[in-house]
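Based on the hints, put chains F and P in the right spot on chain B.
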Amino acid sequence: MLKKTAINKISELAVQLMQKGTLIAPVQEAAGFNFREISDAKQVNLNFHNTILSPKAAFFPQMEDFVQYQTGQSIMEAVPVELNVKPTFLFGVRPCDVKSFEIMDIHFSGTGVVDPYWRARREATTIFGYAFDLDEPAQAEEFYQTLGIGAADPDGSDIFMIRKGETLLLKGITPKGEKLLTQLSRLADGSANEEEYFRNYISRGRDFKTRYTCVDDKNIAKKLEDIFDNGDFWMKVSDACLSCGVCTFVCPNCYCFDICDETLFGKGTRRRVWDACMFTDFTLEASGHNPRAQVFQRLRQKIKHKYSYHVRKYGVISCVGCGRCTRHCPVNIDIFSIVEEAMTV
Amino acid sequence: MEFEPKILGIACNWCTYTGADLAGTTRLSYPQNLRVVRVMCSSRINPSFIFRAFQLGADGVLVGGCHPGDCHYNTGNLYARRRLAVTKKILEFAGIEPERFRVEWISASEGNKFAEVVREFTEQVRNLGPQTKFKIEREPMPEKI
Amino acid sequence: MSINFKHIEDKLKTEAKKLLEQGKVSIVLAYGKGYDDHHPMPYVARNAADVGNIVFNEFCTANLARYLVRYPRGTKIAIAVKAADSRAVIQLIQEDKIKRENLVVLGIPVSGMKNSKTGEIIDSKTTCGLYNPVLYDILLGKEVHGKSVISPYDVLAEYEKMDKDARWDFWKKELDKCIRCYACRKACPMCYCDPCFIDQNKPKWGEKSPESHGNLMYHLTRFHHLAGRCIDCGECSRACPVNIPLYLFHKKVAKECEEMFGQVAGMKIEDKPTLVNFRVEDSDKILE
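Residue numbers (the numbering used here), protein chains in the order written: chain B, 30 to 374; chain F, 25 to 169; chain P, 505 to 792.
Among the hints, erroneous ones may be present.
[Said to hold, decoys possible] In silico DMTMM-like cross-links for lysine to aspartate or glutamate, where the CA-CA straight-line distance does not exceed 20 angstroms:
(1) P:Lys-677 to F:Glu-161
(2) P:Lys-677 to P:Glu-662
(3) P:Lys-706 to B:Asp-310
[Said to hold, decoys possible] Derived contacts from chain P toward chain F, CB cut-off under 8 angstroms, selection only:
(4) Asn-636
(5) Tyr-640
(6) Leu-643
(7) Leu-720
(8) Leu-724
If you are wondering where the hints come from, they were derived from the structure by calculation, not from laboratory data.
Nothing here was measured: the structure is a model prediction, and the numbers come from that model.
Here a beta-carbon is modelled for each residue, glycine too, at the ideal position from N, C-alpha and C.
Isolated chain B (complex conformation) (with noise of 0.2 angstroms):
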């Protein structure tokens, strides 16, 4: 079933959804555009290429608190923060995006260990695909295309939308996604004419160059894996590097968090926020030691944990190749062209 509506009443689809539950959406800022918890309609804009922060803060935010405590008090007495989860809507995520909430579900709820607040929030989400515009050229940064990922791919979204001109066609994908659609009284049904397209857009997206050509993923992390010791070429690579958390942060496949307690007066409240591997203190130990306290050794890990060591274990790459970290490292490190170089090694 396919439905469509017009790209300038987008709002009203908003307004719907909004009564329905929580609605989470690209808004335009300062800086560029982010993925926000929409609180007026109009806010919701679907001309942008991709955001600067990935999705994955709709899952896993950047804070969560876990339990609140009081200082001196028994444990017993301590309250662990409610999950209050409503239905979710999370708008205009382009594929390659929707396909690293995949790879994400690995890690929170795939290897016996179900982290709750992951899976509650992942449960209660419908996703909005939304394809690339394949008459504007892919962006230096991009790369998903060579990790088989297409630019206008359905797969995972709950709800796959596809932009024709002024027209935003929204097709089911799920059951949960086709049952949402038939909720919607705002879109109108898409014509005969609309489907074909439909289906064509998503071939086509298929072939859709971005800037690498497929390389074989077990190739690599076999790669990695010999060079490991070739301090010279890792030291070459991270020449530039700063080790900041910005590819971290911005990344839709970095997992990594840090349990901190913020005590104060007493009072506090154990929480997780976002880490970076990039971070020189994110494996200093108690003793003092520090394994990765060069920049080398931090860089080595992050390329090699998405490209080789995530490929051994969960045969998959944990990289998207939606190119944030190369759009916004402030020294424009591109990690592909690492991986490239050290295929050449």
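Then chains F and P, alone, in the frame of chain B:
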């Protein structure tokens, strides 16, 4: 209820703290709004102490040190003078009233001056009202379910 | 006058090659190819063969002085610097982080550099507004003359005349955006503390989570730590993924330091950084 300002005093061991002692032994009265912390020298004061004090709910911060030239460590207060001047400008540009932060040179013999400064500063801060900008508001603990 | 980037690149290559071949330096800090022409990267040439990879174009904005402290003391380094970068080098020499005799400074006079993220010309109001390097051994290219040099502090007027409550609202809004990726401190040539105060646990100076008060503590203290040391290159603001105008605060502190202590950061090797220095005749007026 009338607003009673909370004022953090940071006083150097050799001059201002001793001056405060003198004010006490000579039975001078000054407002009780001041809580004094003793440090060995005014140059020991990390500017973060001042930011933190405002965050933790101080309405004003008063720093006391030896008169320039009289520092027990010869030059400590001369460094402190420059540093704390910058602190004041930073507070001002961040949008907090610079009058909430004051540095005074009070020697060990100036019990009178100490009482006078505290009186004056307390009034000044009282007139400014509660400091809410930096203050960290904590939500009360939720009821146990 | 337009800048001949190709000419500078060629000279940079020649000089780098000479220095490496003669063994005068063991590394050359310059710019190299990034993933495309608009995104060059800092590059370290370690031997004459590496020199071919050096590039210089209008997108080479990174402040290479940031990397100086990464190498062991005594390493002979040649570094390509633009105006603000040379001031960072001077400031690092003042702070005894590097020795003048271990450095070969390759000065590059430029104007109209572009931000590789936006592709736009960097507004000189957000940087120190100088065109010629202050310190150099070899000048690559011609000095820029006849440019109207605006005061680096002009941009502040608008914020200084703001009501203090409005200014607080402004900073609160800006600092609340912070995601604590610490790109600002990592891009800053003067931020070399290990560990940074905000990473310390005992004492814990500020909250690690990206909340208003932790952000405020981190940024205000960082502004303070850079008082009299910030050389106004604007790297922190350009590195920021959420566009916090950090340069404004740094400029304000620099301006106050200049007015109070009569010294500009990173202009003379013989100077001492203002906050580790004093004059007996400093006036108590500065505290008012």
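Structure-based check of all given hints:
{"no.": "1", "hint": "P:Lys-677 to F:Glu-161", "in the structure": "17 angstroms, holds"}
{"no.": "2", "hint": "P:Lys-677 to P:Glu-662", "in the structure": "17 angstroms, holds"}
{"no.": "3", "hint": "P:Lys-706 to B:Asp-310", "in the structure": "14 angstroms, holds"}
{"no.": "4", "hint": "Asn-636", "in the structure": "29 angstroms, violated"}
{"no.": "5", "hint": "Tyr-640", "in the structure": "30 angstroms, violated"}
{"no.": "6", "hint": "Leu-643", "in the structure": "35 angstroms, violated"}
{"no.": "7", "hint": "Leu-720", "in the structure": "7 angstroms, holds"}
{"no.": "8", "hint": "Leu-724", "in the structure": "5 angstroms, holds"}
Hint check: violations occur at hints 4, 5 and 6; the rest are consistent with the structure.
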